[in-house]
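Engineer: The primary structure of each chain is shown beneath.
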Amino acid sequence: MQLTHLNTRGEANMVDVGDKQETRREAVASGRIFMQPETLKLLSDGELPKGDVLATARIAGIQAAKRTHELIPLCHALALSKVSVEFEIDVVESCINVTSLCRLNGRTGVEMEALTAVSVACLTLYDMCKAVDKNMHIEAIQLDSKHGGQRGDYQRLNAHTPIVTGEGVAGEVSLGQRCSSPCVRVKFLAELRERVGESEAVVSLDQLASRDISGLKAALSARDERFKQLTDQRTLCAINQVMANDDALVTDDDEVAFFPPVTGG
Amino acid sequence: MASVDIKVAIQAAPFAMAYGYDDALAGRSDIGAVVSFTGLVRDFNETPEVTGLTLEHYPGMTERTLTEIGEQAWQRWSLQAVRIIHRVGYLAPGDPIVRVLVASAHRREAFEACDFIMDFLKTQAPFWKKEHSTQGEYWVKERHSDQQDAARWRYPS
Chain A
27 MQLTHLNTRG EANMVDVGDK QETRREAVAS GRIFMQPETL KLLSDGELPK
77 GDVLATARIA GIQAAKRTHE LIPLCHALAL SKVSVEFEID VVESCINVTS
127 LCRLNGRTGV EMEALTAVSV ACLTLYDMCK AVDKNMHIEA IQLDSKHGGQ
177 RGDYQRLNAH TPIVTGEGVA GEVSLGQRCS SPCVRVKFLA ELRERVGESE
227 AVVSLDQLAS RDISGLKAAL SARDERFKQL TDQRTLCAIN QVMANDDALV
277 TDDDEVAFFP PVTGG
Chain B
-9 MASVDIKVAI QAAPFAMAYG YDDALAGRSD IGAVVSFTGL VRDFNETPEV
41 TGLTLEHYPG MTERTLTEIG EQAWQRWSLQ AVRIIHRVGY LAPGDPIVRV
91 LVASAHRREA FEACDFIMDF LKTQAPFWKK EHSTQGEYWV KERHSDQQDA
141 ARWRYPS
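For the record, the sequence lines run as chains A and B. Residue numbers for the first sequence follow our numbering, beginning at 27 and rising by one. Residue numbers for the second sequence follow our numbering, beginning at -9 and rising by one.
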């Protein structure tokens, strides 16, 4: 794999995108800022000296996305068609989860814009709250997903998703993340979830050498070493909540679950 | 044959020790036998001092699997009501985890069907136990004896 921002002599180089097709592109990025519970309470009650913290941070994030090319040297100026910045207050972890979505019809990806929006929104939150809390820290600024463009879609394996217990409705297949191209949604349950360190993953059908469970296991194993334990004989599998074995076929939007032997009763 | 009367429930909240009894028998006088099994959290299992356990399940598949097990029992024996309830989430020693109630005209069928349902619940329903003990927490391992118990019900081939 080659770095596109370097030329053959290893010098910084702005990529010429003039010949690329315009496509619809979208990127979602997220980050978190942790603070004292008292700070979080002041913030949600609107009692901080600088006023409405979230509204200010949202505007800051949107403005930053539009000016990404001024901050990151080799980024192109993009005519974004949509920028959103959302906040979710997490009282249990005492943090704010910041998520940004950027979209455009164009020739380059928008992940830098989404990452910049999250970064600046987090920095603005810090600035708005620092009078009462200097211990805040920002972490896990990351790209969550990316759609469109010649390199195809990207979906981060989601380590923060809560365990499956309690979601879903009795008798219905619960819907996890959706994807734009044909894919299967994979869940890891119980001890297996803890051992692979993920609760969910999305795998594009295009990535499967064979469109069955063994093909899915192979694609996941190629993605990360940890998934090799899926081939353990004790690991069980269900497709759309019905038990399945290695040669069972998978189709678009199937929910596939991997789990250890059951121990209820 | 009487219409199928199977009800299953998964819940985090505790259930009454008599769960299912009044509901299964309401307005009926053709039932001659009721057998129920209640499973409780022991304070000793893989380690001697279990302080509690957390039960995880696979919502949707759990209910479907329990209903199918009930239906298999319904086909195999002449039954009049089946009630299955299983708890999930955190449970303390002494807490009821599971209750299976089977009503039939005669005791033998109710005894066997209740035994059958528990054997298949333990080996097929997607529940997983994590035990908390004074020595830390760990996922409970499946037992070979549970598989052998379920295998008793195979029809001779």
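If you are wondering where the hints come from, they were derived from the structure by calculation, not from laboratory data. In this text, a Cβ means the ideal position worked out from N, Cα and C, and glycines have one as well. Take these hints with a grain of salt, some might be off.
Interface residues of chain A toward chain B, partial, derived using beta-carbon atoms under 7 Å [as the list claims (entries may be wrong)]:
| no. | residue |
| --- | --- |
| 1 | N39 |
| 2 | P287 |
| 3 | T289 |
| 4 | G290 |
Simulated pairs of lysine-lysine, DSS-like, Cα-Cα distance not exceeding 30 Å [unchecked claim]:
| no. | chain 1 | residue 1 | chain 2 | residue 2 |
| --- | --- | --- | --- | --- |
| 5 | A | K108 | A | K254 |
| 6 | B | K131 | A | K254 |
| 7 | A | K76 | A | K92 |
| 8 | B | K(-3) | A | K254 |
| 9 | A | K108 | A | K46 |
| 10 | A | K76 | A | K156 |
Engineer: Would you mind marking each hint as holding or not holding in the structure?
Structural biologist: Structure-based check of each hint:
no. : hint               : verdict
1   : N39                : 50 Å, violated
2   : P287               : 4 Å, holds
3   : T289               : 5 Å, holds
4   : G290               : 3 Å, holds
5   : K108/A <-> K254/A  : 39 Å, violated
6   : K131/B <-> K254/A  : 20 Å, holds
7   : K76/A <-> K92/A    : 24 Å, holds
8   : K(-3)/B <-> K254/A : 39 Å, violated
9   : K108/A <-> K46/A   : 21 Å, holds
10  : K76/A <-> K156/A   : 10 Å, holds
Checked against the numbered hints listed earlier, the structure breaks hints 1, 5 and 8; every other hint is satisfied.
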